[in-house]
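Put the complex together from the two separate chains, hints included.
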Amino acid sequence: MSTASDIVEPAQPQVAREGVYGSRSAEERVALSVIDNSMKVAGVFFVCCGAFWLLAGSFFGFVASMKLHNPDFMAALPELTFGRVRSAHLNSMAYGWANNAVFAIGLWIMARLSRAPVRHGGLLIIAGVMWNLAVLVGIRGILFGDMTSVEWLEIPTYVTPILGLSYALIGVWGILAFHYRKSEHVYVSQWYILGAVFWFPWIYTVAQMLIFFAPARGTVQAITNWWFAHNVLGLWYTPVALAAAYYLIPKILGKPIHSYYLSVLGFWSLALFYNWAGVHHLIGGPIPLWLQTAGVVGSLGMVIPVIVVAVNHHLTVRGCFRQIWNSPTLRFVVYGAMSYTLASLMGSLMAIPEVNVVTHFTHFTVAHAHHGAYAFFTMVMFGSVYFMMPRLLQKEWPSATLIRIHFWSCAIGAAIYVIGLSVGGWMQGLMMNNPEIPFMEIVEFMVPWLMSRSLAGVLLTIGHFAFAINIAWILLGRRVAEPKVSLTKKAAA
Amino acid sequence: MKNLPILFLGIFFTVAFSWSGLILSSQIQYGGLTPTTATLDEDGNPTPGETLFPRMASGQAEQGKLIYIREGCMYCHTQQVRPQGFGADYERGWGPRQTVPRDYILQDRVLLGTMRTGPDLADVGGRPLTRSWHHQHLYNPQITSPGSIMPPFAYLYEVKEIEGAPSPNAVTISPDTEYAPEPGFEVVPTKEAEVLVDYLLSLKVDYELPEAKFTE
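Protein sequence lines correspond, in order, to chains Z and P. Going by the working numbering, the residue at position 396 of the first sequence is 578; the numbering climbs one at a time, nothing skipped. Going by the working numbering, the residue at position 171 of the second sequence is 344; the numbering climbs one at a time, nothing skipped.
Worth flagging that the hints you see were computed from the coordinates, not collected in a lab. Hints may contain errors.
Said to hold, decoys possible - Chain Z is faced by these chain P residues, among others (derived, beta-carbon under 10 Å):
1) 200
2) 266
3) 283
4) 285
5) 289
C-beta: ideal position from N, C-alpha, C; glycine also.
Just chain P, with the same shape it has in the complex (with noise of 0.2 Å):
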């Protein structure tokens, strides 16, 4: 090749092309998107009164997810339910309704996921599963799910000496299994455990968006 201009145009252009059709223009599509009620009124604005959504997360959740982020779960769990008919995400429990980009825009950091070697958990707190189960799968998810993968996190666990009467937070786990603390010994959470439950349960799709109705 000589003709060296062209070469620099085109390695300039191509990315610049690409650049500007993929986020430049979703920028431009819906990077304004704000929140919005789960119906909108005959102008096409929210409705007066109506609550707002997506909810602001509470401080609580914000401090958990930078524990979800620290700890990497992102690699095994996503947080994006796909459309019906489109997989099995609605069929397995994995939300009402698929989620949308409006869903995502008060997060600080997105955390779709790539991989599922564990459930979604876009709809997590919307599951029948209490703070306590949580917790008893975190310390080890031997516990409530045998021939799980997923790591371990006992060390945002304390385990110590009862004193006195136990810890009114103290994880409940079963004395006759291998995982129960020695008698007179309680296994309880962290500050950093909590939090990341609190987010956990935060994680609801339990409202719909105009452009997002439950799923039949």
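Looking at chain Z on its own, in the form it has when it is part of the complex (with noise of 0.2 Å):
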């Protein structure tokens, strides 16, 4: 475990050791100190808006967390009944911390990949405000009365033109920052956000027509509602995530990724397979066996992207531990893409139908979301703000010791929320499985295992408490221009 001399270094040690450019010529430093700070404003924004959201979704989570062993617990307000809070809990982390987390670093990596400032930043901070906005009137929407009980989409209808409205004026930054790009090969990473940047559109417009305004019959509005489901984390967030990834993992090492082919090849596969898996969350269900089939290959199709990610990224680090240990950007970024690697390749067994027939209907499928959306897409944002925040801001970290806490705190949490649910739930689909164990039983046996994911879920919330200190620490605290040396000192030791 951690000690003295394995703690995080300065913040950033390359930026310790050659400033935050790195060895770079004059030039470019020149051009990359002007693109961050057409980002900064935005960027910081982003940052401060899904921090805000972080802990308000983690308010959120924890409470119905409690509630599921202790019903009785702040049981008498209904804006926190179960239903309620657990959706306040799921859409302040998607399209609060997530989406936000999304707009700053996508934006970012953009931005600095097409080497052509942000322009016009201030009315992409109108429309990031509008969209904050807009998730806060739906949130106290849902927690007051209007939720829709569509899993995904919970925010009341009279929001989601707005939501949209803004995230179009913010996904146009994307493109525009790619229209006016300097640089002519594309970067991986690009393809990603630009994907991304397109397919949540799409895929949000097709779920609020079919499912609210023209909705469509029957059970083709559950199609559509797990096809978006599984999309938003597939099509949205795992892009951007592994956008990030692609890009500063190769950044800090200071070394090329492993293999350009494997790249596109993980691309395209992606792009290809993940959108035709949603449909595996109903197997069994009221819907023609020829599309559940189509799930099934879809999520099957899922390990070719996945594998291909995990082998480019393995031989891309290989033989490089301790820069990763010493970075804290890399710790978070590689914890992540170990999780996406085993999260991803779990979601294609569930899929098989003898599989599903267990774990469909329990924590199992809860465990496995946070899995991806947490210790896969959540760990790899927070990684990517350690190093955009001294980019925009040109000032370190004040506390590497919160960076320390957060990592080991958030790590640990999400092991043992995904392990503690995942085993549960297994246990759990087991036993409905065989009718002659009274579904009482059921409910009993599971109460120790929802406890160990309130657990989990404090464990996860002091983590982000030291992220949101840093951030207002790093924001409120004196510029440093020179590296902190008692930082540097410490590591060296």
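Below, the structure written as structure tokens:
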């Protein structure tokens, strides 16, 4: 475990050694600093909003988790009844935290790789304010009785057009940055971000139309629902997190990505397979069998992009363990990348009917969702924020201790979360398929496993507070031109 | 990658492909399903004079469904019965047959659900659970199911002083439990609780369809 010598090094190793822009030529440094500067206000704004939603979402998640083993907890408040508060949790995390993180990191990486400053950052902020206000009104709506009870789309329909509009205003910046690119080569991270920027509005619009504004008949709604909900993760969060991993790993290690062709294969197989996989949420359900089969095939096909990305990243980082461990960014990103491989392979397994018949309808699925959305996506975003903020602000992270607390509590918390609910959920599924076992016995059996989730939630929340404090601190703290010597010494010791 | 047109076309067509493959084609295949009779005549049309299924829900039940949606019951309860041999839905008594697409065609909002923290409710109205059982259970699940982790929905009920005779619809709660109101008080369902129970009682898979017969 962490001793004084293997602690997180100065917040950014290469910042300490060579300044924020590494060993680049003078012109390149100026170009990058112009780009960073153009993203400064917007990037900081999105990160702060993201951190706010992360804390709000942690609170809602904790309340929901407590209620599942202690139903009398805050039971008198209709606004915090389980169904509403768990939906407030999901939507704060998805549209609040995750989307703000995508806006910050996705746009910034796109601008940097395109060598194009973000123009008219002011308009971007207006769109960002609109987005966050819309999420706020949406979450309020969920808590106060306007929830839709459609998974991943709980936000009431009076807000969603505003969400769509403000998204369009934000997403277009990614396309503009790409359009004005000065670099000739288009790097793999740019493909992923471009894909995501187009895919999200498409799936969101289709889902809104076919479920709410011109509802399709019967279970076509459910198919649309899961096509959307699975693709939010697969075609929106995942590509941006992969883009960040593809950008940050080689950059910090100072060596190119292992194979260009593997990156191409990984990208196209993801684009092809991921969006067929969603219907596996309806296996055994009231939809035609051939559709379920399509979902199973799509899910199994996902093995290809996952293995390809894993091999490509593994061969890139091979032999650099020390560097990974010393860089706060890479610690988070590599934890995330490993979780991506594991979570996705599990996901493919879970689509096989023999496995699905056990895991479907249980907490195993909940564990899996957090494996993907948290242990993978969120951890990569944490790492990316640790990399981006010092460059936007030209400042160091004030506290390495907070970063360490953040890493360990989230790494351990996520592990407890996923393992606890996977084991408990698997047993739940086995018991549910055995009609001899009365249902109440299963309910009581699950309680200790559900408690382990609350414990995990506390750990994650501690980490989130450390993250938020560090953000507030770096913003308010004095500008430090020179790297902090004390930290460097500590790490060198 | 230098070939940008391919990148853009690819981004477009991959999603277009799954959208048409999954959503458009289901809409074409069964988006036009209509209610029908349990058996068809020799031309394959609904038998004249017989009842059409699924039935329309009553207005009360539709209002109750809005409460079900608002409170998020869906996050712990599914409404779909899987075929015999795939899970133990039938053996657990959650429905006399698997549910099929036609069962859902009259619903504005389909609430299949993905989580069974509680039992499936597709056929809860077909179980021997009375209106008064549902009220006790919703008021506080511990009354009927000690150890349950279902949340109490006491805020859908009013605790009020008994004026003269007790209200006819008051929830019967045995006075020696800790959930009973103070002596002289009674627990009365609000309109919302009443319609919610109407909705629960309306959830039934008690009819056959040409494509879905009762499991033997």
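Structure-based check of each hint:
| no. | hint | verdict |
| --- | --- | --- |
| 1 | 200 | 5 Å, holds |
| 2 | 266 | 8 Å, holds |
| 3 | 283 | 5 Å, holds |
| 4 | 285 | 5 Å, holds |
| 5 | 289 | 4 Å, holds |
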